[in-house]
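K.L.:
Protein chains in written order, with my numbering: chain S, 182 to 502; chain L, 158 to 661; chain C, 253 to 588; chain F, 1246 to 1591.
Hints are computed from structural coordinates only; laboratory data are not their basis.
Some hints could be false.
Said to hold, decoys possible - Only pairs whose alpha carbons sit at most 30 Å apart, straight line, appear in this in silico DSSO-like list of lysine-lysine:
1) F:K1469 with F:K1405
2) F:K1446 with L:K572
3) F:K1380 with F:K1469
4) S:K469 with S:K424
5) S:K478 with F:K1405
6) L:K473 with F:K1469
7) L:K529 with F:K1446
8) F:K1380 with L:K462
9) F:K1378 with L:K462
10) L:K296 with F:K1378
11) S:K429 with S:K411
12) L:K462 with F:K1469
13) L:K296 with F:K1380
14) F:K1405 with S:K273
15) S:K424 with S:K411
16) L:K290 with L:K346
17) F:K1405 with S:K482
18) L:K376 with L:K228
19) F:K1469 with L:K529
20) S:K494 with S:K469
21) L:K473 with L:K462
22) F:K1469 with L:K572
23) F:K1378 with S:K475
24) S:K220 with S:K273
25) S:K494 with S:K411
Stated by the list, open to error - If you only want the chain C side, here are some residues facing chain S, beta carbon under 10 Å, derived:
26) Q280
27) T288
28) N297
29) G395
30) Q398
31) I399
32) P400
33) T413
34) T425
35) M498
36) T530
37) T532
38) S547
39) M548
40) L550
All C-beta atoms in this analysis are idealised placements derived from N, C-alpha and C, irrespective of residue type, glycine included.
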Amino acid sequence: AGGTSVPEAGAAGDGDYTIAIVPKDSTNPWFVRMEDGVKQYAADTGLDVYQKGPAETDATMQAQVIQDLIAQGVDAIGVVPVDPGALETVLKQALDAGIVVVTHEGASQENTMYDIEAFNNTDYGGFIMDNLAEAMGEEGVYTTMVGHVTNASHNEWADGAVAKQAEAYPNMTLLAAEPRVESQDDGEVAYQSAKELLKKYPEIKGIVGTSSFDAPGVARAIEELGLTGKVFVSGTGMPAANKGILQKGLVKSLTLWDPADAGYALAALATLILNGEEIADGVDLGVKGYEDMKFAKGSDKVLEGNGWVVINKDNVDEFGF
Amino acid sequence: MVDNVIAVRGVSKAFAGVQALDTISLEIAPGEIHCLAGENGSGKSTLIKVISGVHAADEGTIELNGKEFSKLTPMEAISNGVQVIYQDFSVFPNLTVMENLALTAELAEHRTFVNWRRMRRIATEAIAKINVKIDLDAKVGQLSVAQKQLVAIARALMSDARLIIMDEPTTALTKREVDALFGIILDLKSRGIATLFVSHKLEEVFEISERFTIIRNGKHVITCLPEELDHKKFSFFMTGREFDDARFTPQIRATQPILETSRLSAHGAFSDVNLSLRPGEILGITGLLGSGRTELALALFGSLKSDSGEIRIDGKAVVLDSVRTAISHGIGYVPEDRLTEGLFLERSIGSNIVISEIDSFVSSLGVLEQDKADAEAQRWITDLRIATPDAQNAVSTLSGGNQQRIVLAKWLATKPRVLILNGPTVGVDIGSKHDIHRVLRELAAEGLAVIVISDDIPEVIQNCNRVLVMNAGRIVSELDPTQTSELELATLMSKDVQTLEGIS
Amino acid sequence: MRALPQKLVRSNEFYLFLVIVVLAIVIQARSGQFFTANNLVDIANAMVVPGIFAVGAFMVLVSGGIDVSFPALASLAVYATTRILVDAGYEGDLWLPFLIVMAIGAVLGSLNGWFASRFAVPVLIITLGTASVFSGIMQGALGSVQIPNIPPAMSEFGRATLFVATNPDSGLTSNMPMSFLLLVGVVLAAFVMLRYTTFGRGIYALGGDESAASRAGFNVRRMKFWLYVIVGVIASIAGLVRTSMMDQMHPTNLLGMELMVIAAVVLGGTAITGGTGTLTGAMLGTLLIVIVQNSMILVGVPTFWQGFALGVLIIVGTGISAVQLTRARKRKTALI
Amino acid sequence: MTAITTSRSRVRLFRDQHVTRLASILVVLLLFFALVRTENFFRLATWQSMAVQFPEFGLMALGVMLTMIIGGIDLSVVGIANMTAIGSATLMLSIAPTGSDSPQGYLALMAAIFFSLLVGALAGAFNGFLVAKVKIPAILVTLGTFELFTGIAVIISGGKPTSGLPPQYGEVMASRLFGVIPMPLIIFIVATMVIGVLMYKTAFGTKLYMLGSNETAAEFSGLKTTSLTIRTYMISGLLASVAGLVMLGNYNSAKADYGSTYTLLAILIVVLGGVNPNGGSGRLAGVILAVVVLQVLSSLLNTFPHISNFYRPLIWGGVLLLVIVVNQWDKRDHLARLFRWKGTTS
Ligand SMILES: Nc1ncnc2c1ncn2[C@@H]1O[C@H](COP(=O)(O)OP(=O)(O)OP(=O)(O)O)[C@@H](O)[C@H]1O
Ligand SMILES: Nc1ncnc2c1ncn2[C@@H]1O[C@H](COP(=O)(O)OP(=O)(O)OP(=O)(O)O)[C@@H](O)[C@H]1O
Ligand SMILES: [Mg+2]
Ligand SMILES: [Mg+2]
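Please model the entire structure based on the sequences and the hints provided.
P.N.:
Written out as structure tokens, the structure reads:
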């Protein structure tokens, strides 16, 4: 797909744009936080920029929201795809209609002009593994947990974590019988499954979590089973939501990037394209971590920012979200 | 007027378009046994619903206990001593007999908590009053129709009733049970409790009633004493028509039986049944409830498996393993309980009539030829004089008599060679009953073989050329109705099996 | 009176119990973990929320309706409660959260009750509508988001433990949550209400034949109204328990549970047409589903096969009792 | 002859008060839309976007409607749709791997459609068998098979989206009749007409209503109740698999958890359309109207960018409750009378 072609939509270049950001869903504090960034961008620029997501994390509902946005004739759409594959058709329609399309966390998306990533998924998974390995003393049996076995990025992170372990931590082994369990993006299920896992496989010393529900749920199980300090979990999580488990020492550290910044950067990228500016290596999207975006290796579409943040009990109060 | 239990004055009630009651008045004295008669749809049930507070009258008043009501609620009716035994009995099928009996009492006393021991005591007393045996712990849904009704009656008698209203109380009862019921009614009378009842069975009406009120099309026709009327006049007042009561004489053309059974048995239901039926015959099968009559009918209709014995059609042995097989052999069955087994209440009259033969209205392209089906339905509506303005109306808008004709029409439309009717005129007024009998006779004359299962003795005697009496699962005798009196038949039906063993 | 053992053998509960025992033995054989003290406690723990919901769903089913709104009702009630308390910075005792959530549950339940008692429309339809409205209010009007820091009283209640079961071999410990008592309490209260109050018997009567109930002198409207109020309160309790035990308010956590809970109750022998069923059966049905859902890893069913296994179990489990029922009915007709 | 039947059926249609009320709601809604969002209302893209969306759950609703008319329910439609879509996507990939030529692609397309419909029908028949023969309550059967079919979908696909379909599939599904009418809408219209003919022009349709109205009487009337039930669930499965094909086209991929919100939505639609959940009554026209009302409402809602999507369930539920209230209030049938003259003058 000709990602770099400048859209011929009438609104292009007139400086008065309507930009819609479509998150996966909106109850998740993650995307609530993202909306803060989107609103910030609207306030900074005075453009009509807003966030509108599906009512639930559902690829088909997300596609329908985009359908309707196309019908409304917005100038640009920034999407955090639930499932890139499911959006190809509808995003192609958007491109065909002359709408600027950019994505976030959608590296595999074909029908997009640019995709911005806070980081590389495989590396991020590796980093989660580093955190876990440190907690486990670089030895012992571990397994991975994903929100849904159908969730692409969770699986990439988990794969990245497993790859990193194979490469860097020879004394650790992946639990062969249950290499990947599902938390169904539900803290209760994460808790119940972790209990089952630890009962059935007493050798487990660590769990790589991916969904933001995983670490808190697993931590609850570890605490209850009396395994605090013996079994560890790592994963993604927001500071405020995980303050408790970090301070109690149930979880040593969690990783994240600030979704508000991603939202801001997504809108900024869309504006740049609408203004007809050239997108090149080192493009500055005006927010920390996205000031010097680089194309991913072998890609002229995926822009990667620099880094993620680690939260632990010492810095958890510094973020303010 | 002094001392009426109830005085209905000039009550009118209309439903969307139908004037169900038109300035009706009615008075009942304490202890009086009053009969309300009229054709299907004449307004009897509506009147009862007005008296019991279910429907509010449009006009007129009801006086109970000297108090005048223009708008009566069910609770007011009950607290003024009016108890109704509804046609559907209004029992709770999922609860035990004990609870069915005792719950009302507990409610009437405004209790918050129920006490199971007290409930058992109440229920035992209630059952004792009507002098029958029913398992208090049985679920009412598993009882027979007659037993359900006994529960309903026992329940109505529990409260301090001054007037008991029964809408067709005897439709599902056997002679013996009817006698028991009448005993109860007389007993009530002696205690000063009045009874208002509706029945379509003339013999009973004359046997028990002290006064009649006849209504027609929602209007009062006459209130009089039994002495002032005979059967003929009574029917005339109800219907405005005259009837003859000639007996049926068959014109049997073929000697070869169309349907035969030999030593047909079904475990726990009936055994060693031998019968044969020729075209043009109307064979009566009579017996008490539980005598195996319904099971026999079901076996002949392929809906109940027989264990041993043989069924032959046109002399050839057949296995009737499903309803469809039976239908394909030209057998039709008008079931006992039309509401639960025969009708699709919320569907149209037309589709109810044609459903069993609907495949014959399908064109070669597979399309349903609705106009042909409509025409067929219309033909039966006319033939059987089904009173409806539109074949598109739901069957639930019809009265019982007309509903029964629909079931009959459905089967006649399949052009059966053998038609089995189980209680064909239960709850049907004399006018309709006469019409149904006329239809059956005409059909027999055209060569249809008919089996009528009924415990309505006059019906069997007048309309059948042979009668089989079933008792405890066996056929105990075969009678020629012209040689048999109603009394004899009744005796045979209800005799204990042991004494009959020698005869058969 | 029929002999007790015979009655027992005929009952649906008995077969369900057998199925559970067989299943437990299979899990034990596959994992060696089923009959350990801490696993049993874990199952009891997992049973609390679905169990409380099942009591409410059961009462509605018995009365002749199907309620699909209880998870949405519970979510809205708990969300509103947590929001109010967190915004007010509430640090006090547990009674206030319970009071508020039950009050909101009652109000929301009364909306169901109002519709159910005023409109001659199947309860399934009404509650499909109210469920959408409840979750719409929560997510749209209240703009619900996760609340990570719930009031301390709720957190403490969520962590409160009756006793700790230890597995002597592995040394693993599981906490019997305090909230299990709540489940027991709700079940007992429901049992007493259904069996020993006129209202409770009325619910059965209503499910048997509604017009008969009104003719018998029950105030059907009022009964239905209060039934749904009670069910609303029960559901809101379950919601509060879930939030407390998770130690965070997750607005959509409960949504989507309705069909599984109803299936569990029906599996327990409650007729979908109303009028029949026992609380014992409903609890056994729930237990069966909870065991299945929480033993996949123990049995070693691969993650990808878990949905499949759950489906097979539901079909086989219900199939056994259905076949049983058909046989019993045939036997009965033969007896007449 | 046909003129008579159409005019009569039109009269009958407007005699159904529920349908009339839904129609009134739709008219009011469209007027509101046209007045408040004139620009969007008169833009073709608005309607095309709707026409692509609703067939997915609309087709499922048709299946649920049939099963509800016979007194059952089908909660497994979404499971069947995903299972068949994944199955046929996998099949297409094996017949025409990426880079195959166009005839190969069309062959894959035909095979996939055939396979989907076949498996959908089989899955539906399996539901029907469990309901009619094993006599498990339909709600339990289909809840169980929903898990089962979704489970199979997860197993086949490993939980990942199955994509990279031959471009021919996408082309066909994204094509527009006269350059205007999107394929999904055409599929939906065809399915509706087939179901309409089935329900109102064949004996099968009449029998369905009869079966739903009184099963015992149906048995006694000689209807093959078992086969009828199995066939009904089979059609529902078939429709679900068509919905799966539409989704496969719309998303150019298949996945085990697509459309997870459609189960309750389909039931909501059917019930809003006036089908009695206890069976025996309900009209196709009502269900179609309900689908359209919900779609228009939700697209209308989306033209207000600042109204959160979460109001959608609130409004859908609100409409359902409103219809209940109006039905009760309008016993006298004013609305129907308003409409009826249109029917009778013909
Ligand atoms: N709820 C109702 N709505 C509309 N019409 C009704 C209603 N109840 C009764 N009717 C009409 O009122 C008339 C009288 O009905 P009613 O039930 O009183 O007859 P009935 O004398 O009891 O007949 P049957 O002998 O069949 O029991 C009938 O024409 C019937 O159609
Ligand atoms: N809800 C209703 N709507 C319309 N008509 C009704 C309704 N309920 C009863 N009716 C009318 O009441 C009349 C009598 O009904 P009912 O149930 O008393 O008949 P029935 O007593 O079974 O008849 P039969 O005396 O022949 O047995 C019928 O004509 C029926 O049309
Ligand atoms: Mg009557
Ligand atoms: Mg009657």
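K.L.:
If a hint holds in the structure, say so; if it does not, say that too.
P.N.:
Tested hints:
1. F:K1469 with F:K1405: 42 Å, violated
2. F:K1446 with L:K572: Status holds; Cα separation ~24 Å.
3. F:K1380 with F:K1469: 15 Å, holds
4. S:K469 with S:K424: Between K469 (chain S) and K424 (chain S) the Cα gap is close to 24 Å, so the pair holds against 30 Å.
5. S:K478 with F:K1405: Between K478 (chain S) and K1405 (chain F) the Cα gap is close to 24 Å, so the pair holds against 30 Å.
6. L:K473 with F:K1469: 25 Å, holds
7. L:K529 with F:K1446: With Cα atoms ~12 Å apart, K529 (chain L) and K1446 (chain F) stay inside 30 Å; holds.
8. F:K1380 with L:K462: 20 Å, holds
9. F:K1378 with L:K462: 18 Å, holds
10. L:K296 with F:K1378: 26 Å, holds
11. S:K429 with S:K411: 14 Å, holds
12. L:K462 with F:K1469: The hint holds at about 18 Å.
13. L:K296 with F:K1380: 22 Å, holds
14. F:K1405 with S:K273: 21 Å, holds
15. S:K424 with S:K411: 20 Å, holds
16. L:K290 with L:K346: 23 Å, holds
17. F:K1405 with S:K482: Holds, because 23 Å separates the two Cα atoms, which is no more than 30 Å.
18. L:K376 with L:K228: 21 Å, holds
19. F:K1469 with L:K529: 23 Å, holds
20. S:K494 with S:K469: 23 Å, holds
21. L:K473 with L:K462: Holds, at roughly 18 Å.
22. F:K1469 with L:K572: At roughly 19 Å apart (the allowed maximum being 30 Å), K572 (chain L) and K1469 (chain F) satisfy the hint.
23. F:K1378 with S:K475: 63 Å, violated
24. S:K220 with S:K273: 27 Å, holds
25. S:K494 with S:K411: 18 Å, holds
26. Q280: Since the shortest Cβ distance to chain S is 12 Å, the answer is violated.
27. T288: Check passed: Cβ of T288 (chain C) comes within 8 Å of chain S, closer than 10 Å.
28. N297: 8 Å, holds
29. G395: Hint on G395 (chain C): holds, closest Cβ of chain S at ~8 Å, below 10 Å.
30. Q398: 5 Å, holds
31. I399: 9 Å, holds
32. P400: Nearest chain S Cβ about 4 Å off; hint holds.
33. T413: At 9 Å from the nearest chain S Cβ, T413 (chain C) passes the 10 Å test, so the hint holds.
34. T425: Where the cut-off is 10 Å and the nearest Cβ of chain S is about 4 Å from T425 (chain C), the hint holds.
35. M498: 5 Å, holds
36. T530: 27 Å, violated
37. T532: 25 Å, violated
38. S547: 7 Å, holds
39. M548: 8 Å, holds
40. L550: 5 Å, holds
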